[in-house]
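If you're matching them up, the sequences are chains C and S in order.
Position 24 of the first sequence, counted from 1, bears residue number 28 in our numbering, the numbering being contiguous throughout.
Position 24 of the second sequence, counted from 1, bears residue number 28 in our numbering, the numbering being contiguous throughout.
Hints in this document: simulated from the structure, not taken from any laboratory.
A few of these clues could be false.
The list cannot tell twin chains apart, which means a pair is met if one copy fits it or any two copies do.
To be verified - Result set (DSSO-like, lysine-lysine): computed pairs, CA atoms no more than 30 Å apart in a straight line:
| hint | residue 1 | residue 2 |
| --- | --- | --- |
| 1 | Lys79 | Lys26 |
| 2 | Lys60 | Lys23 |
| 3 | Lys57 | Lys30 |
| 4 | Lys79 | Lys53 |
| 5 | Lys81 | Lys23 |
| 6 | Lys14 | Lys81 |
Here are the chains, one letter per residue:
Number of protein chains: 2
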Amino acid sequence: MKISAIVTLKNEVLDPQGKVVKQTLKNMGYSNISDVRQGKFFEIHIKEKDPIKGRKLAEQVCKKLLSNTVIEDYKIKVDE
Amino acid sequence: MKISAIVTLKNEVLDPQGKVVKQTLKNMGYSNISDVRQGKFFEIHIKEKDPIKGRKLAEQVCKKLLSNTVIEDYKIKVDE
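Using the sequences and the hints, build the whole thing.
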């Protein structure tokens, strides 16, 4: 089973990386880009056939290792 | 308009970050995780109402700045 997890900074947390990307795009002439926020993406392959169990495992992994839940949010999607 | 872009290493390219995450999860006792690949996530806010133009702009941005197309792939999703 393949699971996608996206970890992003919470909206109220400053995102310096995203700010740099936005400024660079502005300098390159892309004036209609109003904001960019950067995050992390994980593709997790799990030996598990039950999508509910797979999602539960991915939630645990996100909480314990992949994200810092004080400043970050995570989203999980079961791909296949 | 909000557009999500995910940049990942091509499958044939070694992903040391993903390997470290996988090994760490194994050490934490998650034995049924067979592989992890890590990538970058970008949330791009564009002042544009036409989803076709928005997607085109995001493609340009991914090609020129956000990804290295020699070793990386990107996926774009128009969110709203």
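Verification of the supplied hints:
| no. | hint | in the structure |
| --- | --- | --- |
| 1 | Lys79 with Lys26 | both (23 Å within a copy, 19 Å between copies) |
| 2 | Lys60 with Lys23 | between (33 Å within a copy, 22 Å between copies) |
| 3 | Lys57 with Lys30 | between (44 Å within a copy, 18 Å between copies) |
| 4 | Lys79 with Lys53 | both (20 Å within a copy, 26 Å between copies) |
| 5 | Lys81 with Lys23 | both (27 Å within a copy, 21 Å between copies) |
| 6 | Lys14 with Lys81 | both (19 Å within a copy, 20 Å between copies) |
The structure is consistent with each of the numbered hints, conforming to all of them.
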